[in-house]
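Guided by the hints, dock chain B onto chain A, whose structure is given.
Spelled out, the chains give:
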Amino acid sequence: MRYLGYTLANEADTPTDPPSPELFEKMGRFVEEATKAGVIVATGGIAPTSEGAQIRLEAGQYTVVDGPFAEAKELVGGWAIMECRDLAEAVEWSKRFLGVLGEGEVRVRPVV
Amino acid sequence: MSPADSTAAIEAVYRVEFPRVVAALAGFTGDLALAEEVTQDALVDALRQWPRDGTPRNPGAWLTTVAKRKAIDVFRRDRLSVSKYAEIGRELEITSPFDANDPALHVDSDDEIDDDRLRLIFVACHPVLAMTARVALTLRLVGGLTVAEIARAYVVPEATIAQRIVRAKKSIADAAVPFEVPSGEDRLSRLGAVLEVIYLIFNEGYSATAGEDWVRPDLCAEALRLGRALSALMPREPEVCGLVALMELHASRLRARTGPTGAPILLLEQDRRLWDRLHIARGEAALARADDLAVHRGPYTLQAAIAACHARAFHPEETDWKQIATLYTELARLTPSPVVELNRAVAVSRASGPAEALALVDLLVATGTLERYHWLYSVRGDLLEQLGRAEEAAVEFERAAALAGNHQERALLTERARASRGIAPATRDAE
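Chains as they are written, first to last, in my numbering: chain A, 1 to 112; chain B, 1001 to 1431.
I should point out that these hints are in silico values taken from the structure, not numbers from a laboratory. It is possible that some hints are incorrect.
[Stated by the list, open to error] Distance ranges between label pairs, derived from CB positions:
#1 A:107 - B:1359: 36 to 44 Å
#2 B:1359 - A:53: 55 to 63 Å
#3 B:1184 - A:107: 47 to 55 Å
#4 B:1316 - A:111: 23 to 31 Å
#5 A:60 - B:1207: 43 to 51 Å
#6 A:110 - B:1265: 50 to 58 Å
Cβ atoms here follow ideal geometry from the backbone N, Cα and C, with glycine treated the same way.
Here chain A stands alone, though its shape is the one from the complex:
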């Protein structure tokens, strides 16, 4: 089963500085471990909403709004697609990811 895991945060609380070399290194090691376990099949980070746009279609009318547009706690920061046998395994890998990050919130959902 494939799972999408993604981080959620308040944009206001999210540091804009690049990660410290130490965190960068720890995260690199984690990604390597998860890749070697055959779990991570794709992963990436997502830039702040200020660099993105919001597109809506309502009553035949498109509205495009440039970022920033995040409401509280809905910023997706990073994501990974994981091949896991079940949700419990995906949860375990998410815990490890958060352990590297120090704190935060990850949601995991099956990709169907």
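Here is chain B on its own, set in the frame of chain A:
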């Protein structure tokens, strides 16, 4: 850490850690049976201690250390028969008597564990074992599947798999197979044996040789996991990349390969919009890496290149059949086999027409080597049908149906025979 971890969460940690822990223990003890046993015993300890004390920060290191202590206990207990363990306990000889500060109990570095994982893969796929034993042992010790999971995947009783694994471990011990990645002349053929096992697991998932279900995606996923792990451990081996590319590209079609009732849908009839683009992208990337690493494409890379030709065609009529026929010719030169020849004939039929292909197939029929292979008759039936020889085609499809081992394949071939005879499909209403 949180003390509230449930049994299910602890078991998930264990499943995630198992392949690394058992590999480290196999390296430590040189004894697969003992490695598996003490790893399992470590889980029992974890299930007792972690709910009370919390899951340790580094659960893998915890499990490995506990398992090593248990292995040392076994060595100590069997001290009278120490000669048996003299070689096995090689790391333990550094310090004697056994003590808790034994440097052998140090936490293995990631590199050391990687080395042990790679060695374990090569040992589990050792040619001293029968293929069924290699598959079971690899799924158990390298993949970390339980005996029950393997039995379910292969539709055989659990006892059969359990026995197969016990015997395999014994054969490895009896043959004194060294716990190492072979070097020198052996290396390539032993790597070939490893790739063969992984591909066999994938293929059983991709088109099951027995049972009701034609595909078992879980088994494909396990093979892919093994392949990805291997390619991370041996990033410079072109054929490892080639095999991963081949499996990714084939796996991309899994959703499109069966209809709602589980009936197979052949490549040219699949809804290609269902093909998994992530698998295709990963397959293409792995193929490109294989091509970068090798001067000449090996058999897995060639097959991946063929699969990529299909993946690149959004509609069947866009398929580059000339290229595919050329690739099959190369493959036939590298690994001559009647099955490759049959596939080449299919590509030729698309590139140059059914008559030329039928000539190739008839040559194959004349050799008699594939007389029990249902796809031979299925392909021949298909070519005859294209040539308007419906009656002969029906006979071939019937012959193919009689030889097909899988229930779903048999149903499909029977249906084609009926269609060739102009009989309306049994289950479908006229549209």
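Structure-based check of each hint:
Between residue 107 of chain A and residue 1359 of chain B the beta carbon distance is about 59 Å. The supplied range of 36 to 44 Å is therefore violated. At about 59 Å, the beta-carbon gap between residue 1359 of chain B and residue 53 of chain A stays in the expected band of 55 to 63 Å. Range check, residue 1184 of chain B to residue 107 of chain A: Cβ separation about 50 Å, and the 47 to 55 Å hint holds. The hint said 23 to 31 Å for the Cβ distance between residue 1316 of chain B and residue 111 of chain A, and at roughly 27 Å that hint holds.
For the hinted restraint 43 to 51 Å between residue 60 of chain A and residue 1207 of chain B, the CB-CB distance of approximately 47 Å keeps it satisfied. Evaluation of the 50 to 58 Å hint for residue 110 of chain A and residue 1265 of chain B yields a failure: the beta carbon distance comes to about 24 Å.
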